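Turn these sequences into a full structure, and let the hints guide you.
Read off the chains here:
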Amino acid sequence: MNSSVSSSSAALVRLEQVRFAYGEREVLRGIDLEIHRGQVVAIMGGSGSGKTTLLRLIGGQLRARSGRVEVAGQDLGGLPHSALYALRRRMGMLFQFGALFTDSNVFDNVAFPLREHTDLPETLIRDLVLMKLQAVGLRGAAALMPAELSGGMARRVALARAVALDPMLVLYDEPFAGLDPISLGIIGQLIRRLNDALGAASVMVTHDVHASLELVDYVYFVSAGGIVARGTPDEIRASTDPYVHQFVYAEADGPVPFHYPAAPIASLLDKVSA
Amino acid sequence: MTAVLRRIGALTVDGIWWLGFISRFFAMVLIHSGQSFRRLPLTIREIYFSGVLSLLIIVVSGLFVGLVLGLQGYDILQRFGSSDALGIMVALSLLRELGPVVAALLFASRAGSAVTAEIGLMKATEQLQAMDMMAVNPIARVVAPRFWGGVISMPLLAAMFSAMGIFGGWLIGVVAIGVDNGAFWSQMQAAVDFRYDVVNGVIKSFVFGVAVSLIAVFEGFDCQPTAEGVSRAITRTVVGSALAILALDFVLTSFMFRGL
Amino acid sequence: MSRTTLDLWVGLFVALGFAALVFLATKAGSYSGLASGRAYTVEASFDNIGGLKAKAPVKSAGVLVGRVADIRFDVQSYRAVVKLDLDPRYQFPRDTIATILTAGLLGEQYVGLEPGGDSDVLKNGDRITMTQSAVVLEKLIGQFMFNKAAESPSQP
Numbered sequence: 001m002n003s004s005v006s007s008s009s010a011a012l013v014r015l016e017q018v019r020f021a022y023g024e025r026e027v028l029r030g031i032d033l034e035i036h037r038g039q040v041v042a043i044m045g046g047s048g049s050g051k052t053t054l055l056r057l058i059g060g061q062l063r064a065r066s067g068r069v070e071v072a073g074q075d076l077g078g079l080p081h082s083a084l085y086a087l088r089r090r091m092g093m094l095f096q097f098g099a100l101f102t103d104s105n106v107f108d109n110v111a112f113p114l115r116e117h118t119d120l121p122e123t124l125i126r127d128l129v130l131m132k133l134q135a136v137g138l139r140g141a142a143a144l145m146p147a148e149l150s151g152g153m154a155r156r157v158a159l160a161r162a163v164a165l166d167p168m169l170v171l172y173d174e175p176f177a178g179l180d181p182i183s184l185g186i187i188g189q190l191i192r193r194l195n196d197a198l199g200a201a202s203v204m205v206t207h208d209v210h211a212s213l214e215l216v217d218y219v220y221f222v223s224a225g226g227i228v229a230r231g232t233p234d235e236i237r238a239s240t241d242p243y244v245h246q247f248v249y250a251e252a253d254g255p256v257p258f259h260y261p262a263a264p265i266a267s268l269l270d271k272v273s274a
Numbered sequence: 001m002t003a004v005l006r007r008i009g010a011l012t013v014d015g016i017w018w019l020g021f022i023s024r025f026f027a028m029v030l031i032h033s034g035q036s037f038r039r040l041p042l043t044i045r046e047i048y049f050s051g052v053l054s055l056l057i058i059v060v061s062g063l064f065v066g067l068v069l070g071l072q073g074y075d076i077l078q079r080f081g082s083s084d085a086l087g088i089m090v091a092l093s094l095l096r097e098l099g100p101v102v103a104a105l106l107f108a109s110r111a112g113s114a115v116t117a118e119i120g121l122m123k124a125t126e127q128l129q130a131m132d133m134m135a136v137n138p139i140a141r142v143v144a145p146r147f148w149g150g151v152i153s154m155p156l157l158a159a160m161f162s163a164m165g166i167f168g169g170w171l172i173g174v175v176a177i178g179v180d181n182g183a184f185w186s187q188m189q190a191a192v193d194f195r196y197d198v199v200n201g202v203i204k205s206f207v208f209g210v211a212v213s214l215i216a217v218f219e220g221f222d223c224q225p226t227a228e229g230v231s232r233a234i235t236r237t238v239v240g241s242a243l244a245i246l247a248l249d250f251v252l253t254s255f256m257f258r259g260l
Numbered sequence: 001m002s003r004t005t006l007d008l009w010v011g012l013f014v015a016l017g018f019a020a021l022v023f024l025a026t027k028a029g030s031y032s033g034l035a036s037g038r039a040y041t042v043e044a045s046f047d048n049i050g051g052l053k054a055k056a057p058v059k060s061a062g063v064l065v066g067r068v069a070d071i072r073f074d075v076q077s078y079r080a081v082v083k084l085d086l087d088p089r090y091q092f093p094r095d096t097i098a099t100i101l102t103a104g105l106l107g108e109q110y111v112g113l114e115p116g117g118d119s120d121v122l123k124n125g126d127r128i129t130m131t132q133s134a135v136v137l138e139k140l141i142g143q144f145m146f147n148k149a150a151e152s153p154s155q156p
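Chains as they are written, first to last, in this note's numbering: chain A, 1 to 274; chain B, 1 to 260; chain C, 1 to 156.
Source of the hints: derived by calculation from the structure; they are not laboratory data.
Each hint should be verified, as a subset may be incorrect.
[To be verified] Reference excerpt, derived from the structure (chain C facing chain B, CB under 8 Å, subset only):
{"#": "1", "residue": "W9"}
{"#": "2", "residue": "V10"}
{"#": "3", "residue": "F23"}
{"#": "4", "residue": "A28"}
{"#": "5", "residue": "V63"}
{"#": "6", "residue": "L64"}
As the structure is a prediction and not an experimental result, all values here were calculated from the model.
Every residue gets a Cβ at the ideal spot worked out from N, C-alpha and C, and that includes glycine.
Structure, rendered in structure tokens:
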């Protein structure tokens with residue numbers, strides 16, 4: 001998997017000069033990126049940098065104000081709802097806390113996309129679901145309800161559900177958030193293994209630098225609505241960019257200021273004494 | 001003064017906005033209702049949660065309302081020496097008003113709030129979004145079956161409420177007080193008209209069922225995806241349903257009984 | 001698709017609901033056969049119908065035989081035209097007299113049918129020619145007072 005940005009036209013996901021705003025507040029200001037099959041790509045950035053918005057644009061949950069968002073050669077901008085749904089059947093998404101259906105058990109959760117989108121007989125669905133659960137190591141938990149699972153287990157079940165239809169693209173929203181180190185390691189490994197097994201592309205939005213630098217092929221750094229740095233994990237670690245340096249080494253002050261913008265403290269003191 | 005006017009203006013605009021939004025949502029639910037009937041188990045499940053689980057409160061309340069109507073009706077009617085008409089009074093007040101209205105109010109607080117909570121929680125925990133990302137329309141898969149489950153359950157619950165109420169009135173009037181059993185039923189049958197009283201009551205409860213179910217699924221779907229947002233949505237469902245039921249009741253009654 | 005206990009409960013629920021509806025329709029209400037469609041309609045015009053309303057009972061010899069379907073005002077004759085839906089089990093001679101009566105002194109008003117002796121019977125769309133209007137209490141009292149007043153000067 002030693003892929004770097006190639007200019008081939010076979011990119012699975014391609015964003016060109018994408019802008020997006022919530023109302024008046026501009027969140028993304030001209031994003032360009034490319035993701036190819038076989039790659040695991042991390043989009044990193046601080047909270048509120050617009051990285052989750054970026055993921056939603058790729059998933060078609062949001063539409064760009066301007067620019068192109070292309071997935072598998074189709075421009076999501078003008079895509080009708082039915083075509084978007086057809087595209088989404090070939091996508092999987094892992095939500096931050098799994099988003100398992102709380103009223104059905106683990107088995108039915110994983111079986112959900114198969115039952116909704118295929119006419120497979122129940123015996124075949126059973127085999128497929130157990131296979132997916134086996135892949136995430138939770139075949140024995142098939143009868144449990146989501147409420148009975150730990151956070152890490154819930155996310156593994158959700159991962160099994162996301163790849164139930166063997167997608168070509170898997171999106172991960174903060175896959176490492178709130179996990180203990182063991183679960184974190186398991187999820188990281190699973191993401192890599194499943195991606196390689198499916199020959200798919202994976203995009204993860206994360207701010208967990210160390211866990212993700214271990215497993216991804218390429219990293220985009222997002223800050224204040226733009227891409228400030230990009231490269232392979234080694235390039236990122238060696239980067240001299242002050243923002244990347246601050247982020248990777250978790251420094252309190254730097255290009256991202258410690259203080260929220262405010263009037264100089266001296267002026268405040270004057271007012272109090274006046 | 002201007003502040004008050006401005007507030008009234010803002011509320012009016014918000015109200016119209018809300019009305020437009022809920023109408024569009026209603027249209028969406030209707031458009032995506034095909035699946036609710038093609039895949040009946042989805043709707044049957046919701047009839048269970050909305051209807052069967054409301055059965056106990058409906059039956060018990062119906063009985064108590066009937067008992068009270070029996071006592072009060074007897075007290076009023078015997079002043080005019082017409083306690084035989086107790087059956088008429090109990091049956092007509094239940095069939096025309098109390099059955100559909102009280103059953104709908106109870107339904108809104110029992111089943112409507114539960115539906116709002118369920119859909120709201122699904123939204124707060126990103127289950128609806130996850131469904132959407134799996135190319136399954138949440139309105140078709142989650143909202144529409146719950147809507148139809150409520151619409152189907154409501155008239156049946158109202159009928160059970162009225163029947164239990166008449167039974168309660170009979171218990172008090174005939175069994176406890178001693179109104180003549182024959183007079184109770186025959187006067188009731190002579191006065192209650194199938195078309196005008198029974199069918200109109202069913203039409204009312206159907207309309208209330210549509211209103212309550214729509215408000216319940218809408219508030220759940222529209223809520224802020226937080227714990228606080230869900231609890232506020234539940235309150236809005238109960239309050240909004242109650243207002244809608246009473247307002248619609250007035251409108252329907254004035255249409256139906258205009259000729260009298 | 002397999003049966004579940006949930007189906008059983010829902011089935012029971014729907015059955016109970018319909019049972020309640022049937023109870024309301026038959027035991028509490030008078031679902032006699034008078035539902036529109038089966039009834040036959042005759043017309044009668046009155047000078048004054050008093051407080052008669054649509055849906056009021058039509059009785060003959062005290063037995064409910066139908067209901068008032070519709071009331072309208074005829075601008076040609078300036079009379080009230082009342083449509084009566086009658087139960088097809090009961091047939092009435094053509095010379096039946098329709099009267100507007102009051103249940104009790106102040107009770108609701110209804111139409112009373114007094115059968116005549118004709119061998120032909122009323123059919124759907126026929127018109128009852130002999131009618132007797134409502135007794136208007138105010139007129140009655142007014143007449144009574146007038147008579148009293150007319151009598152009084154000659155008394156002393």
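Going down the list of hints, with the structure as the test:
Of the supplied interface hints, the one on C/W9 holds, with its beta-carbon coming within about 5 Å of a beta-carbon of chain B, less than 8 Å. The beta carbon of C/V10 comes within 5 Å of a beta carbon in chain B, closer than 8 Å, and the hint placing it at the interface holds. Interface restraint check: C/F23 against chain B, minimum CB-CB distance 5 Å, threshold 8 Å, status holds. Because the closest C-beta pair between C/A28 and chain B is about 5 Å apart, less than 8 Å, the hint holds.
For C/V63, the interface hint is violated, the least distance from its beta-carbon to any beta-carbon of chain B being 11 Å, above 8 Å. Given the 8 Å rule on beta carbons, the hint for C/L64 holds: about 7 Å separates it from the nearest Cβ of chain B.
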